[in-house]
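Undergrad: Sequence order for the protein chains is A and R.
Numbered by this note's numbering, the letters in the first sequence go through residues 1 to 705 in order.
Numbered by this note's numbering, the letters in the second sequence go through residues 1 to 53 in order.
Simulated from the structure, these hints should not be mistaken for lab results.
Glycine included, each C-beta is placed from N, C-alpha and C at the ideal position.
Do not rely on the hints blindly, as some may be mistaken.
[Claimed, not checked] Estimated spans, in silico, between C-beta atoms of each pair:
no.	chain 1	residue 1	chain 2	residue 2	range
1	R	Leu-26	A	Gly-20	23 to 33 Å
2	A	Ala-695	R	Ala-38	26 to 36 Å
3	A	Ala-695	R	Leu-7	29 to 39 Å
4	A	Ala-363	R	Ala-38	57 to 67 Å
5	A	Arg-63	R	Ala-38	24 to 34 Å
6	A	Pro-61	R	Ala-11	55 to 65 Å
7	R	Ala-21	A	Pro-61	37 to 47 Å
8	A	Ala-472	R	Pro-34	49 to 59 Å
9	A	Pro-61	R	Pro-9	53 to 63 Å
10	A	His-593	R	Ala-21	47 to 57 Å
11	A	Leu-342	R	Ala-11	50 to 60 Å
12	R	Pro-34	A	Ala-356	49 to 59 Å
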Amino acid sequence: MAEALAPQVAPECTQLAVPGMHCAGCMSKVESALAQVPGVLSARVNLTSRTVTVTHDEVVPVRTLTQALGGIGFEAQPRRNDSANAPSAVRPLLAPLAVAAFAAMNVMLLSVSVWSGAEGSTREMFHWLSALIALPAIAFAGRPFFSSAWRAVRRGTTNMDVPISIGVIVASGLSLYEVVTAGRHAWFDGALMLLTFLLAGRVLDAMMRDRARAGVDVLLSQAAQGATIVHGDGTVAWLEAERLEPGMVMRVAAGERLAADGEVVRGGSRFDQSILTGESAPVNVAVGETALAGMLNLSSPIDIRVSHAGRDTTLAEIARLMEASTQNRSRYVRIADRAARLYAPAVHTLAAITVAGWLVAGASLYEALVIGVAVLIITCPCALGLAVPVAQVVASGSLMRAGIMVKDGTALERLAGIDRALLDKTGTLTLGRPVPDDVALKSLEAKERSIALALASHSSHPLSRGLAKALAAMSTEAAPIREVQERPGIGVFAQYHGQDVALSRPEGGGGSAVALSIGAAPVRLITFADALRPDAVEALDRLHRMGVICTILSGDKEEAVGMIASDLRLAAEAEVDPATKQAIVGLERDAGHSVLMVGDGLNDGPALAAADASMAPGSSTDVGLQAADMVFVQDSLLSIPRAVCASRRTMTVVKQNFTLAIAYNVLAVPLAVFGFVTPLVAAIAMSASSLLVVANSLRLVRAAR
Amino acid sequence: MNGLLILVPIALLLGLAGLAAFFWALRSGQFDDPAGAASRILIDEDDDDGDGS
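Work the whole structure out from these sequences, hints included.
TA: Structure (structure tokens):
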């Protein structure tokens, strides 16, 4: 049908991220708004990933689509291809899980009949039926384990999948032999049950990570993805970041982020470069000076000639630094695999000794092999395979409800071991937005406050917004002012009962303060500071009690860092650049410490990637969000000790799980070695130990409290 | 014994039918957007342009 009706122009698909959608109403608004754009063939929302897929003619520019959504109040960004949502890990596991569960149930049904006394030809028929169902099912559902095990073996290592695969394959092989020779015992049910349990654990694990990633994706992509270009003839056009080239002139409005490095050719403005350097005070940039991609234009529109674009920007340089240090971390060996390294050889040696022992004791080769295989089957690490993933899934779920998203399962393991925390200042210890000084506000008279609120509410400058928010919180009412005029970079001016009133940059241009002048009255100065996050003191105190030594690591000026450091009684390193931050992390690690890095900016990216574990606040830059293992979305800094505490409790439970699994083996193995294990015993032992492990892990439901 | 000859194949067939239905659902994208599917029933679509068909 589609081919017959297809227009001459091939339809194209565009994916837009629309973080603001969260209900049925939003979905239908978004879909119908997009459907009304000329050239759009269809639009379909995916609420799970907060994206909308638009099929349109090639001629419809993406910007038209985002504007259409902007018109109805939804912020939208085209999904970039590089972050091209690594495909969900759940989908490829669902089919194997369904097959394994189906086969396990049916084979179990047949097995129960055999256990309850089916004899002779009935037993044979049931065994054949079991084999018919089980063999293809095992071949299909076991693939995730077989391929992972094969990869490990080829590299000369072992992981948890190796003993699992050997157990399953050996059990199937022996059962097939028993079926063909009309033997008494078939183990298909055990093998399938094992696969079902393990696949269920992995599906849950993958689901949890998908949800965390979706949560982070929603926060992502706030950086400028393009710029308005002024052509030689004066016309302007919007161009995506990838298509910017050196020599172009981009016009950057107040409140926009730069998409490329360049030199200011017209106008002058103040820039917030905290993302790049961590420095909180805005810097003045005049004609002839350079501005870097990622900086935020604060006051007035300026023109900038692009000098470096795309992969050549300072921003991209930092990204490369990060990539290099990420490889560092991938050498981490998961605790499950470390356990497998001890477990697999032990079990396989034990099986070999059993066979040898029975041969020496005079059993036939067939009998000895059957018992050896039974040892392998009963020790097949069902509980061991569930011990880690189930605990992590439950703990991550609990953390997610507390506003902490765990992007990587091993992050909990790594976080549990930390004994050093390096914290960035701007945006991490502090909120990253200016808040007016409380004392200065309280010293103002009520009239002055109401005029200040009226003036501040007319500007979108960060200081004005901070002031307006604080005044509104003090339940101030705005005074009636007229003839309001905002002069970019200077201040807001107006008339109040015939008097000139103004909220302006103070004389001498100090970084974080505004001057309030009313008529001829003396000017009142309101200073601003980047306030500490709520509960910062308590959070650091808790970390200290957990034995984690904290240090501030900031790119900001010595004085600014010193003040916060003395407030919090922490050691601090000021004026460190991204590479130095990374080097400091490296030094701590070389000294044998496990390091947690908490940071938000681009300048923290390399350090986040290099540390043993890393966290970022939800207000971070893309780089921070992508590099961090965990993202916390609440303002409170208590999220950090909470995550550390939850991860330690998770590891305690994981270790208990291992103990349970090993205790089960200690009980079951002697039975197997002395030849008492039948498929019935194996099935009961396996499911009992698995359920015990799952039940123990469920205790983590409240881990993040 | 005769009962088994009928009942066992029936049980297997029913199970297989369920499995096939699940695979069909998986392949036709029914598990792509569970949250969206749950919300979509709440939309009143009088002017449905039939993008679902």
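Undergrad: Please go over all the hints and tell whether each is borne out by the structure.
TA: Against the structure, the hints:
Restraint check, Leu-26/R to Gly-20/A: a C-beta distance of roughly 30 Å satisfies the suggested window 23 to 33 Å. Roughly 30 Å separates the CB atoms of Ala-695/A and Ala-38/R, a value that falls within the hinted 26 to 36 Å. At roughly 35 Å, the beta carbons of Ala-695/A and Leu-7/R sit within the given window of 29 to 39 Å. Distance hint check: the CB atoms of Ala-363/A and Ala-38/R are about 60 Å apart, consistent with the given range 57 to 67 Å.
At about 32 Å, the beta-carbon gap between Arg-63/A and Ala-38/R stays in the expected band of 24 to 34 Å. Pro-61/A and Ala-11/R have their C-beta atoms about 58 Å apart, which keeps the hinted 55 to 65 Å range intact. The beta-carbon spacing between Ala-21/R and Pro-61/A, approximately 42 Å, falls within the hinted interval of 37 to 47 Å. Range check, Ala-472/A to Pro-34/R: Cβ separation about 40 Å, and the 49 to 59 Å hint is violated.
For the pair Pro-61/A and Pro-9/R, the beta carbons lie near 60 Å from each other, so the given range of 53 to 63 Å is met. Under the hint 47 to 57 Å, the C-beta atoms of His-593/A and Ala-21/R, about 55 Å apart, fit the expected range. Between Leu-342/A and Ala-11/R the CB atoms are about 43 Å apart, so this pair departs from the stated range of 50 to 60 Å. Between Pro-34/R and Ala-356/A the CB atoms are about 53 Å apart, so this pair conforms to the stated range of 49 to 59 Å.
Hints 8 and 11 from the earlier list are contradicted by this structure; the remaining hints agree with it.
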